[in-house]
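So the sequence lines, in the order shown, correspond to chains A and B.
Heads up: the first sequence begins at 1 in UniProt numbering, then just goes up one per residue.
Heads up: the second sequence begins at 1 in UniProt numbering, then just goes up one per residue.
Don't take each hint at face value.
For chains that are exact copies, the list does not tell them apart, and a pair is met inside one copy or across any two.
Claimed, not checked - As a list, the in silico DMTMM-like pairs of lysine to aspartate or glutamate whose alpha-carbon atoms are at most 25 Å apart:
1. Lys256 <-> Asp197
2. Lys90 <-> Glu110
3. Lys78 <-> Asp111
4. Lys208 <-> Glu110
5. Lys255 <-> Glu107
6. Lys256 <-> Glu55
7. Lys66 <-> Asp310
8. Lys255 <-> Glu220
9. Lys256 <-> Glu51
10. Lys261 <-> Asp105
11. Lys66 <-> Asp245
12. Lys188 <-> Glu107
In short, the hints are calculated from the structure, not lab data.
Number of protein chains: 2
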Amino acid sequence: MASILPASNRSMRPDKNTYESPGWTEIPQYRPGCPQIHRKRSVYVKNPYLEGMDEDILYHLDLGTKTHNLPAMFGDVKFVCVGGSPNRMKAFAQFMHKELRLEGDGEDIEDICAGTDRYCMFKTGPVLSVSHGMGIPSISIMLHELIKLLHHAHCCDVTIIRIGTSGGIGIAPGSVVITDTAVDSFFKPRFEQVILDNVVTRSTELDKELANDLFNCSREIPNVPTLIGHTMCTYDFYEGQGRLDGALCSFSREKKLDYLKRAYRAGVRNIEMESTVFAAMCGLCGLRAAVVCVTLLDRLESDQINLSHDVLVEYQQRPQLLISNFIKKQLGLCDQMS
Amino acid sequence: MASILPASNRSMRPDKNTYESPGWTEIPQYRPGCPQIHRKRSVYVKNPYLEGMDEDILYHLDLGTKTHNLPAMFGDVKFVCVGGSPNRMKAFAQFMHKELRLEGDGEDIEDICAGTDRYCMFKTGPVLSVSHGMGIPSISIMLHELIKLLHHAHCCDVTIIRIGTSGGIGIAPGSVVITDTAVDSFFKPRFEQVILDNVVTRSTELDKELANDLFNCSREIPNVPTLIGHTMCTYDFYEGQGRLDGALCSFSREKKLDYLKRAYRAGVRNIEMESTVFAAMCGLCGLRAAVVCVTLLDRLESDQINLSHDVLVEYQQRPQLLISNFIKKQLGLCDQMS
Numbered sequence: 001m002a003s004i005l006p007a008s009n010r011s012m013r014p015d016k017n018t019y020e021s022p023g024w025t026e027i028p029q030y031r032p033g034c035p036q037i038h039r040k041r042s043v044y045v046k047n048p049y050l051e052g053m054d055e056d057i058l059y060h061l062d063l064g065t066k067t068h069n070l071p072a073m074f075g076d077v078k079f080v081c082v083g084g085s086p087n088r089m090k091a092f093a094q095f096m097h098k099e100l101r102l103e104g105d106g107e108d109i110e111d112i113c114a115g116t117d118r119y120c121m122f123k124t125g126p127v128l129s130v131s132h133g134m135g136i137p138s139i140s141i142m143l144h145e146l147i148k149l150l151h152h153a154h155c156c157d158v159t160i161i162r163i164g165t166s167g168g169i170g171i172a173p174g175s176v177v178i179t180d181t182a183v184d185s186f187f188k189p190r191f192e193q194v195i196l197d198n199v200v201t202r203s204t205e206l207d208k209e210l211a212n213d214l215f216n217c218s219r220e221i222p223n224v225p226t227l228i229g230h231t232m233c234t235y236d237f238y239e240g241q242g243r244l245d246g247a248l249c250s251f252s253r254e255k256k257l258d259y260l261k262r263a264y265r266a267g268v269r270n271i272e273m274e275s276t277v278f279a280a281m282c283g284l285c286g287l288r289a290a291v292v293c294v295t296l297l298d299r300l301e302s303d304q305i306n307l308s309h310d311v312l313v314e315y316q317q318r319p320q321l322l323i324s325n326f327i328k329k330q331l332g333l334c335d336q337m338s
Numbered sequence: 001m002a003s004i005l006p007a008s009n010r011s012m013r014p015d016k017n018t019y020e021s022p023g024w025t026e027i028p029q030y031r032p033g034c035p036q037i038h039r040k041r042s043v044y045v046k047n048p049y050l051e052g053m054d055e056d057i058l059y060h061l062d063l064g065t066k067t068h069n070l071p072a073m074f075g076d077v078k079f080v081c082v083g084g085s086p087n088r089m090k091a092f093a094q095f096m097h098k099e100l101r102l103e104g105d106g107e108d109i110e111d112i113c114a115g116t117d118r119y120c121m122f123k124t125g126p127v128l129s130v131s132h133g134m135g136i137p138s139i140s141i142m143l144h145e146l147i148k149l150l151h152h153a154h155c156c157d158v159t160i161i162r163i164g165t166s167g168g169i170g171i172a173p174g175s176v177v178i179t180d181t182a183v184d185s186f187f188k189p190r191f192e193q194v195i196l197d198n199v200v201t202r203s204t205e206l207d208k209e210l211a212n213d214l215f216n217c218s219r220e221i222p223n224v225p226t227l228i229g230h231t232m233c234t235y236d237f238y239e240g241q242g243r244l245d246g247a248l249c250s251f252s253r254e255k256k257l258d259y260l261k262r263a264y265r266a267g268v269r270n271i272e273m274e275s276t277v278f279a280a281m282c283g284l285c286g287l288r289a290a291v292v293c294v295t296l297l298d299r300l301e302s303d304q305i306n307l308s309h310d311v312l313v314e315y316q317q318r319p320q321l322l323i324s325n326f327i328k329k330q331l332g333l334c335d336q337m338s
């Protein structure tokens, strides 16, 4: 990455010549006694070239505007859940199928992206469940194409939540961290995006109200420690996260612990590998976004993940249960709380 | 990424207190009339902590030193081929099974990493075929664990080749590029690795003799344009590669073309997303490495990948055919050239 940072365009003021205008549409609804203005929050892309394209092929999703009727397939999507593992996202979709009491057997749920092995995607009513692989570049590709998909499908009022696994710092394994701010390896709330051969800095703010709503939901789930905290996002699982068990390691155990403790003092409670770019892109495109990760270990104590299969499965279900309860509440299905 | 670069340790002089000594073992073999010194080139890790670990769990491969007999399973591996797509790496393993005329039906080849959905791995005689997902972080995780695996299995004289897809610059789609040097978005032959909260610069040199050997092999394959050139590695598929069809685009078509033409003038012939970290890590660990990618389109002409299924499959087989011929030659199976 360059050591030269041009003037930060962190606020991303829209340039009328470059971007579409913000996607707010005011729809007045007057009812006797209840004058209200109802706003729909569109998913909007920030690319003036898209409008002029005859066809848009979402290559890594095996979908396209000519080959698929995207509004018919996805127009009712209100919640998108993303996570690294294809198996876990399929399991989540099957879980949501039951929780939303949809018709049919959720066991044979179809992978919408079966024509490619890059990502998988499942739809259960208004909930889309998508895998994104590991790391910032992998989730970035998926998000570009997902955001275009939601735009082409004319989706509005979409909430997107990353459900993941992570390493905790100073908290019990199995804790769930709801991210208030994603930070980089230097504990800064920023994402540095390389555009051609320039580096621009983007904000990694997440939706505070959403994070609080999720935290309030978590209070109804017993025996799962849940907290709001900063999440640090790295480009590497080993050296970049201070692990002593990689193929390469050029620092001491003392240096490792010093770094992790400094991260803790800066407010970091867990470490993963997708949150900064996730926050940056969703923020730019009008998607209300959250990150909810379970921690598999306390990095102050160990580096290796050595959980039994059953414990690992149970831990990975914790964010799914929280998000399921949140979604049901949003849909007014409170009597079906698990 | 930080804008502060500490003193480059590009040469990575081994520090005797920090690293294992270089993995060269001299084994004298004296035969009448043929006095020779035979050298075995070990795969070596650069982490003093590994030796003291009671157990090493290769978490994302679902393998481990206590649960698996790694020397028995992998000790004879001489060639490792890696690529992003699980399906493509399985197809390559099945192809190698036929090309090496191994016993049994290669169709039901077993995924060694079936217990995880992060990566897949297949073994056909001395050839290991492994998927790595998309992007630098994803391949980095796999390489750390693969290199440790080869080390634990006491493998020696291992050649590793990434076979991939890419975007070409100024060359016909379907061309195969053998990388001489991997460069970053700024056309520099370097990989910037974040270690804790410092940035170190690593060399991205690949094995020149191996690249030339592969190029010579390619001459025997008709109708596949093949060349040696620089490969640019980016962190992003859209904005970082100058695409005008992402969810976000803040530059003009003119800026895009200027950037790609400057890349061309700097020697870049194709763009992908793993080669710099691949070259850096393999170089540090004693693995003779190459990158061989087919180009799916000419980025000076277009951004979207719009190939028919059959053409896409045939293009993706081109690097596989070249590597298969190379491996057979190395194993002395020249009469079985396809």
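Tested hints:
no.	hint	in the structure
1	Lys256 <-> Asp197	between (32 Å within a copy, 10 Å between copies)
2	Lys90 <-> Glu110	both (9 Å within a copy, 23 Å between copies)
3	Lys78 <-> Asp111	within (19 Å within a copy, 37 Å between copies)
4	Lys208 <-> Glu110	neither (34 Å within a copy, 47 Å between copies)
5	Lys255 <-> Glu107	neither (48 Å within a copy, 49 Å between copies)
6	Lys256 <-> Glu55	between (50 Å within a copy, 20 Å between copies)
7	Lys66 <-> Asp310	between (44 Å within a copy, 19 Å between copies)
8	Lys255 <-> Glu220	neither (39 Å within a copy, 53 Å between copies)
9	Lys256 <-> Glu51	between (49 Å within a copy, 18 Å between copies)
10	Lys261 <-> Asp105	neither (48 Å within a copy, 54 Å between copies)
11	Lys66 <-> Asp245	between (48 Å within a copy, 15 Å between copies)
12	Lys188 <-> Glu107	neither (43 Å within a copy, 50 Å between copies)
Hint compliance for this structure: hints 4, 5, 8, 10 and 12 are broken, all remaining hints hold.
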